[in-house]
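Undergrad: Below are the chains, spelled out letter by letter.
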Amino acid sequence: MSRTHVVVRGALLVGVAGVLYACTSNGDVIAPPPVDPLFTNFVAIGNSITAGFQSGGINESTQQTSFARLLAGQMRTRYAFPALAMPGCPPPIVNGLTQERLPSTSPCALRNIPVVNGVPVAPSSLNNVAVPGFGTADVTALGANAPRNSGLVQLILGGKTMVQKALEVQPTFATIWMGNNDILAAALAGLPAGATPVSSFRANYAKMMNEFTLGAPGVKGVLIGVVQVTGVPLLIRAEQLTNPQNLAAASVIAGRPVSLDPVSCTGPALQALVNLLAIAQRPAGVPGVIFCTKQGGSPDLGDIGILDVEEQATVKSLIDGYNAYISAKADTAGFAYWDPNALFDNLHTTGAIPPFPIVTSTTQTFGQYISLDGIHPSTLAHKTIANQLIGVINTKYGTKLAAIP
Amino acid sequence: MMTLHRVKRFVFLSALAVPSALSAQAFGLNEIGSCAIGRAFAATGSPCQDASTIFWNSAAATRLTGWNAIAGVTAIALNGSFTQDTSRRVFDADVPTEFVPHAFVNYHAANSKLAYGLGVYVPYGLTSQWPDNFPGKFSARKASLQTVYVQPNVAYQINSKWSVGGGPVWGHSTVELIQAIDLSEQVAGALPTNPPTPFFFANLGIPKGTEFARVRLKGSATAFGAQIAVAGQPTPQWSVGLRFLTPLEFKYDDADAVFTQVPTGLVVGGSLAPPILVGALVDTISALKAQFTSGALIPQKVSTRITHPAQIQGGVAYTGLKNWLIEGDLAWVGWKRFNELPVNFAGPAPDRVLFEDYNNTLSGRLGAEYTIPTDGWKIRAGLAGASSAAPDVTVTPLLPEQDRWYSTFGVEVPFGKMWKIEGGYAHVGTPGARGRVVERTNRNQTATQLNSGVYSITANVVSITLKASF
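These protein sequences, in sequence, are chains A and B.
Residue numbers for the first sequence follow this note's numbering, so the first one is 1 and each next one is one higher.
Residue numbers for the second sequence follow this note's numbering, so the first one is 1 and each next one is one higher.
Heads up, a few of these hints could be off.
To be verified - Here are the computed distance ranges between Cβ atoms for each label pair:
(1) GLY334/A / ARG216/B: 43 to 53 Å
(2) VAL258/B / LEU214/A: 32 to 42 Å
(3) PRO37/A / PRO131/B: 17 to 27 Å
(4) ARG216/B / SER327/A: 51 to 61 Å
Said to hold, decoys possible - Cβ-to-Cβ under 7 Å is the rule here; a few derived chain A residues that face chain B:
(5) PRO120
(6) SER124
(7) ALA144
(8) PRO147
(9) ASN149
(10) LEU157
(11) GLY158
(12) GLY159
(13) LEU380
What the hints assert, rightly or not - From the derived model, a few chain B residues whose C-beta atoms are all more than 10 Å from chain A:
(14) GLU185
(15) GLY209
(16) GLY295
In short, the hints are calculated from the structure, not lab data.
Please read these numbers as outputs of a predicted model, since none were measured by experiment.
Cβ atoms here follow ideal geometry from the backbone N, Cα and C, with glycine treated the same way.
Start from the sequences, fold in the hints, and give me the full structure.
TA: Structure representation (structure tokens):
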């Protein structure tokens, strides 16, 4: 009987040895690990800036300049973006003075998908789901229910909402920069009443965050505040037009002789912001006189394309309201918060963003930090944004993301 | 007559059974008798003393006396997963526990040089099944190969030391493949160039891996082959054996291909050009729906061909230690015949070829058996290893083939005058292997280009067999 025990024990040992051997593995996942497990799956939610929209256009070249891509590189995590075929959708501006764009046979090129042996190889999910033009009401909406829908929405989101698309990567970390378009178009038009009211903004933003965090339990990230859009260099202070050289340049941009109304454009009213492209869109025959306050009448030449001092205060108040909510939301969600306005204020103060377009430059018409549309950050600005975000992330989460040299 | 009924019943059961992969190389299965499992399939030099010798060494059937019948079933429980490189997501396989039957009967009159028998066994089979969120479902959502061999056998005792045996093999095989079809890869239109440049739904933002249809290919085939063997006992302590099973080529010529639409739930996010207009449901786009009524995705016939490869196994057994049997075997399988899997549609769906490019394999098997003299119990254990038949570029959802090893254990318990019951257990381990989730559309594509993650697989095999001798 004892012999039997020996045999059985021996056989069991052989079996156990085999099982233990079976537990070793030499098949390894080869993707390098991210800098921190927090960054295992990264997603960037946002609008044109996050998407890499520059100089009034977007294509796979501008998309690669996005701060989101730079961040992903420092995180050493996967980064798939919806590459748009050249020359773009729409093609970017290549001349800041003439606003000439890359030549194209179509207003919107399709997605650029490599084809291998006759089979298109598209990414299965995206780490950058940002859509140019999107506002907070669009992020959770589908199809025609998204007020700011466009062909780009289909090309980037492929039939899903932005939040649904973002959740496809099972994100562990996100940047969310949403809200600029809730007010930008209204500000550029000089009609702040068209901006999203703070109450609606809060509801939209809350819906977005609820859907996103429910779909990605434990996700962390950074919420980014809305830019004070009165600082975009496309909007020129009326006082700049007291300079005859600037006035001459403005006349070229507006396509008609531009002059300051001597009655309304005095004292503090000279701080009114003028969108020269709106002046250019005045009907033929309408003079290029700039009024710094509302004049009444229809159309009101002191209103459309002009953001007077009072309206600027309204815009600032709205954006302050947006950002107060975003900041509070970041706190409750355990996210970091970054207010981009300190950066842009500093660039204005130092003159890095010029108060008036540099009319001697076709490629840096709005300085080094703003692209040729006078609104969107340039490649250099994206790098600066990425580095500022890296600082915020490291501070909040104790990570060791290296700055981009 | 009674025996014949049993055989018929087991032929039927075998045809119903769904064998699972991962218990031999590629889609081979070694689970033919609990005794052989306990000995890690080292059972050709001195086969188990029962009718399963018809498979393991048909010549040794002359060593049995009288009637000998066995029947049993093997349960194979597989754990598999795929870990994606980029996301590190783990997708667990969804393979149900499968049951593989075996049944043999043999008759050898005491003074006769001839033995006769019949075996019903499953030497090849496969089930792979993955969940709906698995990115490789476009290669194989489910693949099933059910093959049963029926082998009449005659063995002849040349002299007191040597025997030969063999018989024809009739094989019946059913193959089923369910694949998802990717919307992103479908042509959506053409750009107005000269000549027009086709573009795909992928160019319209549809991500790779958007299932809009599913195809089920199912068919069956029969094939003929043979198995022969030689068994020898040059000295009282040493036994040797060699068996050869011919390849069987199954031509599934009249299989059915059925395509069904799968809702994507996608809504066009913004207008591009008709019919891609904001708010439109992608599933209702007429050009897409027409694929299922008058296009490439109508029901149609399909054919394919799968060769079940040849096997050669040789073994040497030693019984010089009292109550012990120790055997070592080498087994060769001609997997090189499995180089392509053609899928040819009789209708408008595009034909294609799956490149397999398997290699022949060699496996080593070491088994031991101890007989407890007081009560006749037998205790068995063994170790075996098998190299992967698939090259690095063919580790796929259909069959994530890789090196594997077995640690086995078994026991046989006699009861009554004529009965024995035996059990066998095997743990199957693998080292994990890098593999792909996409089709290889060109032989120039390499493993480095295509493999995007790691397949990990283990299996537990439990077998039970009832034996009768009379």
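Undergrad: Confirm or reject: GLY209/B is not an interface residue toward chain A, with every Cβ-Cβ distance exceeding 10 Å.
TA: Per Cβ check, GLY209/B is inside 10 Å of chain A; nearest 4 Å; violated.
Undergrad: Is it true that ARG216/B and SER327/A lie within 51 to 61 Å of each other by Cβ?
TA: Cβ of ARG216/B to Cβ of SER327/A: about 54 Å, so the range 51 to 61 Å holds.
Undergrad: Under 7 Å, Cβ to Cβ, is where PRO147/A needs to be relative to chain B, so tell me if that hint holds or is violated.
TA: For PRO147/A, the interface hint is violated, since the closest Cβ of chain B sits about 11 Å away, which is over 7 Å.
Undergrad: Do VAL258/B and LEU214/A keep their Cβ atoms within the hinted range of 32 to 42 Å?
TA: With a Cβ separation near 38 Å, VAL258/B and LEU214/A satisfy 32 to 42 Å, so the hint holds.
Undergrad: Hint check: is the beta carbon of LEU157/A less than 7 Å from a beta carbon of chain B?
TA: holds, 5 Å
Undergrad: Once the shortest beta carbon distance from SER124/A to chain B is found, is it less than 7 Å?
TA: Holds. Min distance 4 Å.
Undergrad: Taking the closest Cβ pair, is ASN149/A under 7 Å from chain B?
TA: Nearest chain B Cβ about 4 Å off; hint holds.
Undergrad: Taking the shortest Cβ-to-Cβ distance between GLY295/B and chain A, state whether it exceeds 10 Å.
TA: The claim stands: GLY295/B keeps its Cβ more than 10 Å from every Cβ of chain A (closest is about 18 Å).
Undergrad: Taking the closest Cβ pair, is LEU380/A under 7 Å from chain B?
TA: Not OK, violated: LEU380/A not within 7 Å of chain B, min 30 Å.
Undergrad: Does ALA144/A hold up as a contact with chain B if the rule is Cβ-Cβ below 7 Å?
TA: At about 4 Å, which falls below the 7 Å cut-off, the nearest Cβ of chain B leaves the hint on ALA144/A intact, so it holds.
Undergrad: Does the interface hint hold: is GLY158/A within less than 7 Å of chain B, judged Cβ to Cβ?
TA: holds, 4 Å
Undergrad: Answer holds if the nearest beta-carbon of chain B is closer than 7 Å to that of GLY159/A; otherwise answer violated.
TA: holds, 3 Å
Checked against the numbered hints above, the structure violates hints 8, 13, 14 and 15; every other hint is satisfied.
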